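Asker: Chains as they are written, first to last, in our numbering: chain A, 82 to 501; chain B, 82 to 501; chain C, 82 to 501; chain D, 82 to 501.
The hints are simulated quantities; they were obtained by calculation from the structure and are not laboratory data. Small disclaimer: the values here were computed from a predicted structure and weren't measured. Treat the hints with care, since some could be wrong.
Copies of the same chain look alike in the list, so a pair counts if it works inside one copy or between any two.
[Unchecked claim] Listed below are the simulated DSS-like cross-link pairs for lysine-lysine, each with C-alpha atoms no more than 27 angstroms apart in a straight line: (1) K97 with K130; (2) K316 with K432; (3) K293 with K486; (4) K234 with K470; (5) K490 with K470; (6) K167 with K234.
Protein chains: 4
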Amino acid sequence: MLLQRAKALKKVNKKKIINDPVYGFLQIPHELLYDLLQHPYFQRLRRIKQVGMTYLVYPGAMHSRYNHALGAMFLMQKAIQILRSKGQEITDDEALGAYAAILLHDVGHGPFSHALEYLFIDGVRHEEISLRMMEEINVAFNGQLDTAIAIFKGSHPKGFLHQLVSSQLDMDRLDYLTRDSFFTGVSEGVVSWDRIINMLDVRNDQLVVEEKGIYSIEKFIVARRLMYWQVYLHKTVLAAEFMISKIMQRAQELARAGEPLFGTPALLYFFQNKITRAQFNSDPAVITRFAELDDNDLFSALKVWAGHSDPILSALCDGLMHRRLNRVYLFSTAPAPELVEKTAAQVCQQKNILPKDLHYWMQTGAITNDAYLPATDKILILRKNGEIKDVTDLSDNLNLKTLSKTVVKHYLSLPKEISI
Amino acid sequence: MLLQRAKALKKVNKKKIINDPVYGFLQIPHELLYDLLQHPYFQRLRRIKQVGMTYLVYPGAMHSRYNHALGAMFLMQKAIQILRSKGQEITDDEALGAYAAILLHDVGHGPFSHALEYLFIDGVRHEEISLRMMEEINVAFNGQLDTAIAIFKGSHPKGFLHQLVSSQLDMDRLDYLTRDSFFTGVSEGVVSWDRIINMLDVRNDQLVVEEKGIYSIEKFIVARRLMYWQVYLHKTVLAAEFMISKIMQRAQELARAGEPLFGTPALLYFFQNKITRAQFNSDPAVITRFAELDDNDLFSALKVWAGHSDPILSALCDGLMHRRLNRVYLFSTAPAPELVEKTAAQVCQQKNILPKDLHYWMQTGAITNDAYLPATDKILILRKNGEIKDVTDLSDNLNLKTLSKTVVKHYLSLPKEISI
Amino acid sequence: MLLQRAKALKKVNKKKIINDPVYGFLQIPHELLYDLLQHPYFQRLRRIKQVGMTYLVYPGAMHSRYNHALGAMFLMQKAIQILRSKGQEITDDEALGAYAAILLHDVGHGPFSHALEYLFIDGVRHEEISLRMMEEINVAFNGQLDTAIAIFKGSHPKGFLHQLVSSQLDMDRLDYLTRDSFFTGVSEGVVSWDRIINMLDVRNDQLVVEEKGIYSIEKFIVARRLMYWQVYLHKTVLAAEFMISKIMQRAQELARAGEPLFGTPALLYFFQNKITRAQFNSDPAVITRFAELDDNDLFSALKVWAGHSDPILSALCDGLMHRRLNRVYLFSTAPAPELVEKTAAQVCQQKNILPKDLHYWMQTGAITNDAYLPATDKILILRKNGEIKDVTDLSDNLNLKTLSKTVVKHYLSLPKEISI
Amino acid sequence: MLLQRAKALKKVNKKKIINDPVYGFLQIPHELLYDLLQHPYFQRLRRIKQVGMTYLVYPGAMHSRYNHALGAMFLMQKAIQILRSKGQEITDDEALGAYAAILLHDVGHGPFSHALEYLFIDGVRHEEISLRMMEEINVAFNGQLDTAIAIFKGSHPKGFLHQLVSSQLDMDRLDYLTRDSFFTGVSEGVVSWDRIINMLDVRNDQLVVEEKGIYSIEKFIVARRLMYWQVYLHKTVLAAEFMISKIMQRAQELARAGEPLFGTPALLYFFQNKITRAQFNSDPAVITRFAELDDNDLFSALKVWAGHSDPILSALCDGLMHRRLNRVYLFSTAPAPELVEKTAAQVCQQKNILPKDLHYWMQTGAITNDAYLPATDKILILRKNGEIKDVTDLSDNLNLKTLSKTVVKHYLSLPKEISI
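Build the full structure now, drawing on both the sequences and the hints.
Answerer: Next comes the structure, spelled out in C-alpha cells:
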C-alpha cells in the first residue's frame with residue numbers, strides 16, 4: 082500500500098497555515114491546537130523574547146517564545162511522520178498529545194527567565210509553572226490535554242514520546258538551535274534538523290539515531306556547544322543579564338521595604354509580596370498574576386526607575402538603558418582572591434558604594450557548558466547490525482568524548498571603568 | 082530623567098561588525114556612526130517594532146526599527162561603492178553624510194507610528210521629528226551632522242545623494258522590502274537589492290538605472306505592491322491597527338477628562354496634555370519626553386487598561402490582548418450607505434453603545450496602494466544610447482503603466498459577531 | 082549496445098532520501114519510483130543540463146534534468162497531500178500515478194533540446210518521445226505505469242491530476258522556475274511554491290486557487306515573464322543556442338554528404354541517417370539510439386570539430402569553445418529589410434562566406450514570451466463565495482490582463498565584429 | 082580619513098558582474114582578470130565538475146571548477162579588503178597578483194582528478210600543471226602574472242599572501258567547503274566564511290585569526306572533517322571513483338597494447354602514449370593536449386566502451402553507466418588477510434576473472450581524514466594580549482587536539498553480489 086497518510090484528525094481547521102521565516106509554512110494539524118494557540122497563557126509568549134537580552138549583541142534576535150513553540154511543533158509533526166513511516170505505532174491521540182505537549186512545554190516561562198528564574202516565585206522552576214498552566218488549561222478543555230500532560234511528565238507508557246519533548250535530542254533543542262542561529266545570524270549554529278529527524282527511529286521504547294546520521298549528531302553537539310559560547314553565554318549578554326537581574330533584585334528589595342515604585346499591578350504584586358512555593362501551590366491568583374507578566378512590564382518600569390531616588394536602582398537602570406554594561410572576564414580557573422579583593426575595593430570607590438552593595442556592580446561565579454551529558458540521558462545510535470550504542474562509544478575518534486565533558490569558566494563582571 | 086546625551090566614547094572599536102540575519106556581517110565604517118548608534122534617540126529604536134501590529138499575523142515580524150536603520154546603511158555603503166566605481170565623485174565627507182542620513186532617517190518614529198502618527202504631537206509628521214532629533218544630535222556632536230542633514234533635507238548640492246535616502250528607489254525602501262519579507266516569511270517580497278544597486282548610476286545629478294536592470298525594477302515595483310496587500314495592508318493587520326489606534330484615542334480622551342489612568346510618566350505626559358506644533362517648536366521637553374516612549378509604554382499600559390472601569394477602553398484592550406480583532410471587509414467601491422447604516426445599528430446593539438461611540442468598534446474609509454507614483458518622482462532608466470526615460474515609457478508592455486495607477490480599496494471594519 | 086533494461090532491484094531501500102539543495106530532503110515514497118529512477122532512460126537525464134547553454138551566462142546553472150524531475154515529484158507529493166487534506170479523494174494508485182507521471186514527464190528530452198528539438202528525429206516533439214519511453218518502460222514494468230500514462234496523456238477520468246502534470250500552474254513550472262532561479266542566482270525568479278500549493282483545491286474536476294492566493298499567482302506570472310527575459314531568452318544564451326544549433330546542422334549536412342566526422346556511434350547514427358516520424362514509429366532502434374545521447378556526445382564531438390577541414394564547421398566550433406559568440410540585438414518590430422540586407426553583406430565579407438552560408442553566422446527571427454496564456458488553459462481562482470473566475474478577471478487592476486498578452490521581440494544575431 | 086577605497090585598479094571593465102548562487106554578485110575587479118577568465122585553459126574548467134563522481138550521491142553537485150575558482154577570488158577580495166582596513170599594506174599590484182593566483186590555483190586540474198591524478202601525465206601533480214599553465218599564460222600576457230606566480234609559489238616576500246592562496250585556512254578551502262556544502266545540500270558543511278575572514282589579520286608576515294574567532298575556526302575544522310566523511314569520502318562516491326579509475330586504467334592498457342578504442346584525439350593521445358615527467362618538461366604538445374581534455378571526453382568514451390569486446394572494460398563501463406557500483410566497507414583496522422583472500426576468491430568466481438584481474442573489481446587500501454594538520458602549517462590565534470598561539474593550544478577543551486589527529490579507515494570495495 083502506498084503512502085500511509087495520517088488520517089485526518091477529526092475536525093481540522095483546514096486552511097490555517099502560519100508563515101514562519103525559518104521553515105516556511107507551518108500547518109496547525111488539529112483544531113484543539115488552534116484553540117490552544119488562542120489561549121491567553123500562550124498568546125503572552127508573543128510578548129516574551131526567546132533569548133532575552135541577546136538582542137543587545139545580535140540585533141536580529143527579537144524573536145518570541147511564541148515563534149519557538151510553533152517551530153518545535155512543526156518539527157514534532159515531521160518526527161511523528163518519519164517514525165510512523167518506519168512502522169512505529171503512534172495513535173492519532175498520541176500524535177495530538179505530542180503536538181500539544183511540545184507546543185506548551187515552555188508556556189511557564191516568564192520574561193527574561195534565564196536571568197530572572199525564581200524572581201517571581203521563590204524556588205519554583207519554569208517547568209513546574211508550565212505543568213501547572215497545562216493542568217489549568219486542561220480543566221478548561223475538559224481533559225483534552227490528558228495525553229499531552231502524560232507525555233510531558235514522562236508518565237505516558239510510550240517513553241519515546243517524552244524523549245521527543247524533552248531529552249538531549251528533543252524537538253525543543255532542534256528548534257531553538259536552528260531558530261536562534263537564524264535570528265542572530267550566527268550561521269555556525271545551523272543544525273541539520275531535517276537529516277537528524279529523518280534518521281530517528283525507536284528501539285525498546287527509546288529514541289535511536291540510525292548509524293549513518295552519526296556525523297549529523299556530532300555536528301549538532303558541536304553546534305550546541307558553540308552557540309553557548311557565542312550566543313547564550315556571550316560575555317556582553319552575560320553582562321546584560323546580570324544587570325537586569327540586579328535591577329530587579331534591587332527593585333524588589335525596595336518594594337518590600339515599602340518604597341514607592343512605578344510598575345504594572347502584576348509586577349508590583351510580585352515585588353511587594355514574597356511568593357513562596359506554598360502559595361504557588363495553594364493560591365490560584367499566583368498563576369493568574371504571573372500570566373499577566375511579559376517583557377513590557379519589566380522594560381516600561383525599568384525606564385521609569387532610571388529616575389528613581391534610590392541611587393543604586395537609578396544608576397543600574399540608566400546603565401542598562403544606555404547600554405553601558407559591565408565588562409565580563411572569563412577565566413579557566415577561579416580568579417585569585419587577592420585580585421577579587423583588590424578589584425572589589427576599586428569598584429566600591431569608583432561607584433561610591435559600601436561593600437554590602439558591591440554585588441550590584443560586580444559579580445563573580447562560574448558558568449558551565451554541557452554540550453552533551455551522557456550521564457543524564459544518552460543519544461543512542463542504532464548500528465546496521467542492530468546493536469545500540471551511546472554516540473560517544475562509536476564516533477571514530479575521541480572528539481565526542483571530549484565534548485561530553487562539562488566545561489566550566491569562571492567569570493568576573495566589572496564596570497568598564499575598572500580594568501584588571 | 083530617562084534619556085540623556087550620548088557620552089562620547091573614548092576608545093572606539095573601529096573594526097566593529099554586527100551580525101545581521103538578512104545580509105550577514107555589517108561593518109560600521111566610521112567612528113562617528115558608531116557613536117550615533119549609541120545615542121539614546123537611536124537606541125530606543127531597538128524597542129520599536131518596524132512593522133507594528135504585523136506580528137499578530139506574521140509571528141516572525143518582531144524586528145525593530147534599529148535593525149532596519151542598520152540595514153539601510155549597509156545598502157548605502159554598497160551604493161556609494163558602486164557609484165564611485167563608475168566614476169561618480171563622492172567625497173569621504175559626503176559618503177559619511179549619506180551614511181548618517183540614512184541611519185537617522187527614521188529616528189523620529191514613535192511606537193506603532195503607522196497607526197498612531199499624530200497621536201502624541203498634533204499634526205507633526207515623523208519626518209519633522211526625525212529632522213528635529215538630527216539637529217539636536219548635531220549640536221551635541223559639534224556640527225558633524227551638517228552634511229547628513231543637508232542630504233536628508235535635499236539641500237545638499239548633489240541631489241542624487243538625497244535620492245539615495247528618499248525617493249522611489251531609495252535605500253530605505255530596498256531595505257524594508259527585503260527585511261520585512263525576510264522576517265514575515267513572505268518570499269514574494271524578495272527584492273534583488275544587489276542587482277538593483279549594481280545597476281545604479283548618476284546622470285545630470287539624478288539617480289538612473291542601467292537599462293539591463295529594467296526587469297529588476299519591474300519586479301521591485303510588483304514586489305512592493307504585493308507586500309502592501311499581503312503584509313502592510315493585510316486585513317487582520319488593519320484591524321489590529323485600527324484597534325490600537327482607537328484604544329489610544331479613548332485613553333487620551335479619558336486622561337484629558339481627568340480620569341485616572343495607569344501609564345508611564347512619558348505616556349501620561351502626552352495623554353494628559355495636548356501637544357501642539359507650537360509647543361513642539363518651542364518646548365525642548367516635548368522631544369525629550371517623546372524620546373522616552375517605545376512599544377513597552379503602550380503595551381504595559383494597555384494590559385492594565387483591560388481592567389479599567391471605562392467599558393469602552395477595557396473592552397477594546399481586552400479584545401486586542403486576546404486577539405479578538407474586528408473583521409475587515411474590502412470593496413472596490415465605497416459600501417452603500419444603507420449597508421453601512423444597517424451594520425452600524427447592529428454594532429451599537431451588539432456592543433451596547435451609543436452611536437457617538439460607534440467609531441470605536443466600526444471603522445470605514447479607504448486605503449491606497451501606490452506601487453509606483455511617477456507624478457512624485459520618477460525611476461529613470463539609462464538606455465545604452467545614453468537616453469534617459471521614465472521606466473514606464475520603456476517596459477516592453479503596459480504592465481508598469483498599470484502598476485503606476487493608484488489602487489484604492491474601501492474598507493469596513495466590524496466586530497466578528499456582525500456579518501454582512 | 083549501451084543502455085539496457087533496468088534490472089529489477091531485489092531489495093529496495095524503502096526509506097531512501099535524497100539531498101536536494103533546493104528543498105532539502107526528498108523522499109522516494111514508493112519502491113516503483115525508486116526503480117524508475119534506476120532506469121537507463123531516466124539516469125541519462127543526469128547527463129543533460131536542464132537549461133542547456135545558459136551556464137555560459139550564469140555559471141551556476143549546471144543542474145541536470147534529473148534534479149528537476151526529482152524536484153517536480155517532491156512538489157507533487159506536497160500537492161497531493163494538500164488536496165487530500167481538503168477532502169479531495171485521490172487513491173493511492175492515483176497518487177503513485179501522478180508521481181510517476183511527473184517524474185517521467187521530461188524523460189524524452191535530448192541534449193540541449195531547446196536549441197536542438199527536431200535535430201535527431203524529424204518533426205517529433207519531445208513530449209512524444211517522453212510518451213514513447215514511458216510506454217516502453219511500462220512494458221518492462223508489467224503495466225505498473227498504466228495510471229501514470231493515462232494521467233500524462235490526459236485520459237484519466239480525474240482531469241485535475243493531468244493539470245498538476247501539465248498546465249499553466251503545474252508542478253513542472255513551479256519546480257523549474259524555483260530551481261533555475263536557485264542555480265542561476267537570479268533571485269527575481271523566486272516563486273512562492275509553498276504558498277501556491279497550499280492554496281490549491283479542486284472544483285468541477287479543475288484545479289483552482291483559493292482567492293487569497295491571488296497575489297502569489299500574480300507574482301508567479303511576473304516571475305515567469307522575467308525569467309524568460311533574464312535567463313531563458315537572455316541575449317547571450319540565445320546567441321549560444323543559435324550557434325550550437327548551426328554547428329549541429331552543419332555537421333549533420335556534412336555527415337549526410339558522406340564527409341568523415343568524429344562522433345560517438347549514437348551521434349553519427351542520427352547524423353548519417355535522416356530519421357523520420359515513420360521510422361520513429363516503426364523502428365525500436367531509434368529510441369534505443371536516442372537514449373544513448375547526452376550532453377557529452379555533443380561536446381566531445383564539437384571540440385574535435387574545431388579542427389575539422391570544413392571551414393564553416395571548424396570556425397563555428399572554435400567560436401563556441403572559446404566563447405566568441407554572436408551579439409544578439411532585440412527589436413520591438415522586425416528590423417528594416419535594408420538594414421538586414423546591408424548587414425548580411427558585411428557578414429559575408431567579414432566571414433568570407435557565400436550568401437547561401439550566411440545563415441550559419443547571422444540569424445533573424447522572432448521570439449515570444451507568454452507569461453500567461455488564458456487562451457490555452459486558464460488559472461482559475463476560487464472566490465470565497467464559491468464563484469470561479471479566471472485570474473485576469475479578478476486582479477485588482479489591469480496588471481494581469483497586460484501580462485496575458487504575448488510579447489514578441491525580433492532578433493538579429495551577428496558576429497561581434499559587425500555593428501549596426 | 083573615511084573609508085579607504087582600493088584605488089580603482091587601472092582600467093576596470095566596469096560593468097562586469099557575474100551571478101553566483103552562493104554569494105550573489107561577483108565583481109571582476111580588473112580587466113586582466115577578465116581576460117584570464119576568457120583564456121581557453123580557464124574556460125575548460127567550466128566542463129570539469131568540481132567534485133567528480135559525487136553527483137551520483139548528491140544530484141545537485143554538478144558545479145564546475147570554474148564556479149569554484151570565481152568564488153575563491155571573491156573571498157580573496159573580501160580578505161584583502163579586511164586586511165587593508167586593519168592597516169596591512171597590500172599594494173594594488175599585490176592585490177591583483179593574489180586575485181590572479183587564487184583564480185588560477187586549480188587551473189591544472191584534469192577531469193575527475195581526484196580519481197585520475199597521474200593517469201594522463203605520469204607522476205606529475207596537478208599543482209605542477211597549474212604552475213606550468215600559469216607560466217604559459219604569463220608569456221602570452223607579457224609578464225603580467227609575475228606577482229601572481231610568485232605568490233602562488235610562495236616566493237613573494239609577503240608570505241601571508243601565499244597563505245591566503247594555500248594553507249590550512251586559505252580562500253580555496255573556505256570556498257570549496259561553502260560551495261560543495263551548498264550544491265550537495267549537506268548543510269552540516271556550512272562554514273562561516275564571512276566571520277572567519279573578518280577575523281583575519283597578519284603578524285610577523287603570518288596570517289592570524291583574532292581570538293574571538295576561535296569558535297568559528299573550531300567549527301570550520303569540524304565541518305571540514307564531516308564533509309570528508311559525508312561527501313568526499315562517502316562510500317558510494319569512493320566506489321564510483323574506484324570504478325572510473327579502473328575503467329581508465331584498463332582502457333589505457335588496451336590502447337597501449339594496440340587495441341582499437343573509441344575516443345577523442347586528446348584522450349587517445351594520453352592513452353596510446355605514456356607521457357613521462359621528462360616529456361611534460363620538454364614537449365609543449367603535452368600541455369596543449371591536456372588542455373583539450375574535460376569530463377565530456379571521458380564520459381562520451383566510457384558510454385561507447387560499454388559495448389567494447391574486452392569483457393572487463395565493457396562490464397566496468399556498463400556498471401558505471403547503470404550505477405551498479407561496488408559496495409564499500411570501512412574498517413578501523415585493516416581487514417584480516419583471510420577475509421580478504423576468501424572474498425577475493427568469491428569475486429573471481431562471481432565475475433569469472435583471473436586473480437591477476439581481481440584489482441578491477443575489488444579494491445583494498447586506506448583513506449585518511451586530516452581535519453587539521455598542525456605539523457604541516459598551523460592556524461594561529463592572535464590573543465588579546467598580543468600573544469600568538471596554535472589553535473589547538475587555546476581551545477577550551479581537548480576537542481581540537483583530537484581533531485588534529487589523522488583518522489585512518491581501511492576500505493574493501495566489492496561487487497554488491499558478494500557480501501562479507
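Asker: Go through the numbered hints given earlier and state which of them the structure violates, listing their numbers in rising order.
Answerer: Per hint list: zero violations.
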